[in-house]
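Required output: the full structure, derived from the provided sequences and hints.
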Amino acid sequence: MNANPLGGLLRRLDFPWRPPAVPRSAPAGRVPATLGTDFDTAWARRWPARMVRAAIIELLWRPVVAAAAQPTRLGLDRLAPLDGEPAIFAANHHSHLDTPLLMTSIPEPWRHTLIVAAAADYFFPTRTKGAASALFMGAVPVERSRVGRDSAAEVSDLVRRGWSLLLYPEGGRSTDGWGQPFRGGAAYLAHRCDVPVVPVYLAGTRRILPKGRLLPAPGRTLVVFGDPVRPDPSERIRALGARIEAAVAAVADETTTDWWQARQRVHAGATPALTGPDAASWRRAWALSHRSKPRTRRWPR
Amino acid sequence: MSPRTASATPRPGFVLEVERSTPPILFHHGEGFRLERLPAGRSRVIYPPSPLEGLPDPSGAIRHALEHPIDSEPLPALLRPGMRLTIAFDDISLPLPPMARPDVRQQVIETVLDMAAAAGVDDVHLIAALALHRRMTEAELRHAVGDRVYDAFAPSRRLYNHDAEDPDGMVLLGTTDHGEEVQISRRAAHSDLVVYVNINLVAMDGGWKSTATGLSGYQGLRHHHNVATMLKSRSFMDQANSELHRSNWRQGAVLAESGPRVFQIETTLNNNSFGTSGSLSMLQKREWEWTARDRATFLAMQGGLSVLSPAARRRAFQSWRAPYALTSVQAGEVSAVHKVTTENVFRQQLVAVEGQTDVLTMGLPYICPYNVNSIMNPILVMCLGLGYFFNLYRGRPLVRPGGAVIMTHPTPWEFHPVHHPSYIDFFEQVLADTTDPAEIEARYELRYATDEWYRHLYRTSYAYHGVHPFYMWYWGAHALSYLGRVIVVGGDRAAVRRMGFAPASSLSDAFEIASDTVGDRPSVTHLHLPPFVMADVS
Chain Z
1 MNANPLGGLL RRLDFPWRPP AVPRSAPAGR VPATLGTDFD TAWARRWPAR
51 MVRAAIIELL WRPVVAAAAQ PTRLGLDRLA PLDGEPAIFA ANHHSHLDTP
101 LLMTSIPEPW RHTLIVAAAA DYFFPTRTKG AASALFMGAV PVERSRVGRD
151 SAAEVSDLVR RGWSLLLYPE GGRSTDGWGQ PFRGGAAYLA HRCDVPVVPV
201 YLAGTRRILP KGRLLPAPGR TLVVFGDPVR PDPSERIRAL GARIEAAVAA
251 VADETTTDWW QARQRVHAGA TPALTGPDAA SWRRAWALSH RSKPRTRRWP
301 R
Chain U
1001 MSPRTASATP RPGFVLEVER STPPILFHHG EGFRLERLPA GRSRVIYPPS
1051 PLEGLPDPSG AIRHALEHPI DSEPLPALLR PGMRLTIAFD DISLPLPPMA
1101 RPDVRQQVIE TVLDMAAAAG VDDVHLIAAL ALHRRMTEAE LRHAVGDRVY
1151 DAFAPSRRLY NHDAEDPDGM VLLGTTDHGE EVQISRRAAH SDLVVYVNIN
1201 LVAMDGGWKS TATGLSGYQG LRHHHNVATM LKSRSFMDQA NSELHRSNWR
1251 QGAVLAESGP RVFQIETTLN NNSFGTSGSL SMLQKREWEW TARDRATFLA
1301 MQGGLSVLSP AARRRAFQSW RAPYALTSVQ AGEVSAVHKV TTENVFRQQL
1351 VAVEGQTDVL TMGLPYICPY NVNSIMNPIL VMCLGLGYFF NLYRGRPLVR
1401 PGGAVIMTHP TPWEFHPVHH PSYIDFFEQV LADTTDPAEI EARYELRYAT
1451 DEWYRHLYRT SYAYHGVHPF YMWYWGAHAL SYLGRVIVVG GDRAAVRRMG
1501 FAPASSLSDA FEIASDTVGD RPSVTHLHLP PFVMADVS
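In order, the protein sequence lines correspond to chains Z and U. Residue numbers 1 to 301, in my numbering, belong to the letters of the first sequence in order. Residue numbers 1001 to 1538, in my numbering, belong to the letters of the second sequence in order.
Among these hints, one or two may not hold up.
[Said to hold, decoys possible] One side of the interface only, derived from the structure: several residues of chain Z facing chain U at Cβ under 10 Å: (1) Ala-67; (2) Gly-75; (3) Arg-78; (4) Pro-81; (5) Asp-83; (6) Trp-178; (7) Asp-227; (8) Glu-254; (9) Asp-258; (10) Ala-262; (11) Arg-263; (12) Arg-265; (13) Val-266; (14) His-267.
Read the hints as simulated data drawn from the structure, not as lab findings. Note that beta-carbon positions come from the ideal geometry of N, C-alpha and C, so glycine has one too.
What follows is the structure in structure tokens.
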């Protein structure tokens, strides 16, 4: 039984009602040069579009996020040392709600100079969807199936020009609630642009809008910012990537216990991985159900 | 290694000679302001230096200070598994106004804890070293140490307020060669290492005063929080001439010999109390540099304040968080660290001033160390004016012996019943009888200090200790014995008279009242603060 009639209807509106998706195996000549990673998003970073996007963030995303996600935002004080310099925000990824949640959580001055690294194949397959992604999210297309030199060059050029970047190093939304291994994009860009990476941990968005669902079921979410990770010029990109993943994992660990225990586990090399136990799916689901912060006495405040 | 300090030189302090063309001068007036014209040709205004540049990488500087301390092994070398570590930190009285998040204490404590976690230290307690001040609320503790540290330690009762009246929580470490008892928190005394996290806002703060006072109780404090010590501290902002500091240092010597090892971390902030841009920035500009926008903002603010109730004004002012920046951080052996810290405080605050004056004027702001999130009652007005501001000198007082001090403040006959219960009785009972500090000390102090009800409120509510108003009065003892007149402009007449001062409705009235002491054409010096400035009087 289809629990979501609207979603079912939209899915039935297939080609020719919807534009065709370009198969990845198709010859290069078939891909229009204005879509995918070639989609031109420069207009979305000019002032008129930025003003529209600022209004969208404040008038659309903020009330939607407040109603659907009821976020608790922690660790914003950790951004103070950046003193407004451009940064890469690297977050775990569970849901389409993550981007609006982060766009309303990342503070000024980064919020309105933020671009979002979005999968070229998913967000820029058509002109309409690409334009909407660029306008509503400040999305720029990146290739997620392989290391795309062109898109990486464009993004790094933007970061060098003062834009901050929101990026999901897992490359896509989680399918089972656990994280996926980080890819090297965040580390590569941080190293190339010499900008800090802010690890961000998101919790709760999967319960509200998991992969495959169209309408959100309101709930509570948590956004935790970690200490910025600065690239060391002599460091290998792979090592920097490991540091970024470990930083997000450490922030995640804070939310399940507390900051002090998380720091003790960091130094003992015992921080739980974001990817969860290497076990059968039911055991992973079982373990996930335990991954919630114990209740602490908060009275009297 | 030398400690990290910010390198840029700010615009230095300045002494303005008042002429006929000098614009009216800003006077703080509690939760409001006055613009006053000072007599031309015989007045001068002491302006603080501009804020120093903050350290470019505060976190890196803190870590560097802990790894390269002064006259001590690096902090990581002092940490080991199985040890008892106590981290004590300055309470709500510092800095003023409270600092915008993240508070520097949070930044330092997180770095210390991170090193402790790396070393495998499990037994860690954090204590707000508040001596006989009121306990900090959860919100205030969260602001000071940050949510992460609070959530990790407070629920398991490993982060708490110091309780100087806990019969099982205090120990006597010994006695100095002057007969001063040294009392300290039991947890700190029985720790393998005490790390003290300090904010040095003025030169009085820090050094052995941090532990010998902050973690002590009445038994230890009475040896230097008394009239005789205050009369011999000229000033208590100048360590070399401060009996208050000499006494604390003697107690520190006993602590060093018989107590736990102390690793002192001291920080200094710039004097960016109201921001270099924004709605209150004009308060730290020189009046002739106010832009049209500054003037419009000031007028709008004055208009807005005039229609607000006193409580609403108080809430508005108390919500201000200062955008201070860290200008130095140094760690290690207490005395050696404090020497460097004091230099950094002076680097920000000291202004050379030539000669004394007949009349010293000062505008008292809405806040002092003892009314954060609270009411500035008349005793605190006296303490701020004659205790703190009068003593902001090195060398000689700004005002000549027998001169006059004119302060502006509403001085309401109003007390916070939760925070200052013993102040109410002190004002109604003690000051109605006498204002002489020595007589007050001899006749009333012990009764208030040992009163069970005040003790109960100090321990379980959010009340200052019963003896605290006495200390506030003693803080002004030197000024009271030194000055010929104290006049309060715009204050509640009854409250001002209760303290033995003269009320005046305007500054010109105040000069008129002062004329019987200093003559018709006195020289006038105005101390333009906050932000803090300290006069180096030649």
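Results for each hint:
no., hint, result
1, Ala-67, "25 Å, violated"
2, Gly-75, "8 Å, holds"
3, Arg-78, "8 Å, holds"
4, Pro-81, "6 Å, holds"
5, Asp-83, "8 Å, holds"
6, Trp-178, "24 Å, violated"
7, Asp-227, "8 Å, holds"
8, Glu-254, "7 Å, holds"
9, Asp-258, "4 Å, holds"
10, Ala-262, "8 Å, holds"
11, Arg-263, "4 Å, holds"
12, Arg-265, "8 Å, holds"
13, Val-266, "7 Å, holds"
14, His-267, "4 Å, holds"
The structure fails to meet hints 1, 6 from the earlier list, while all remaining hints are met.
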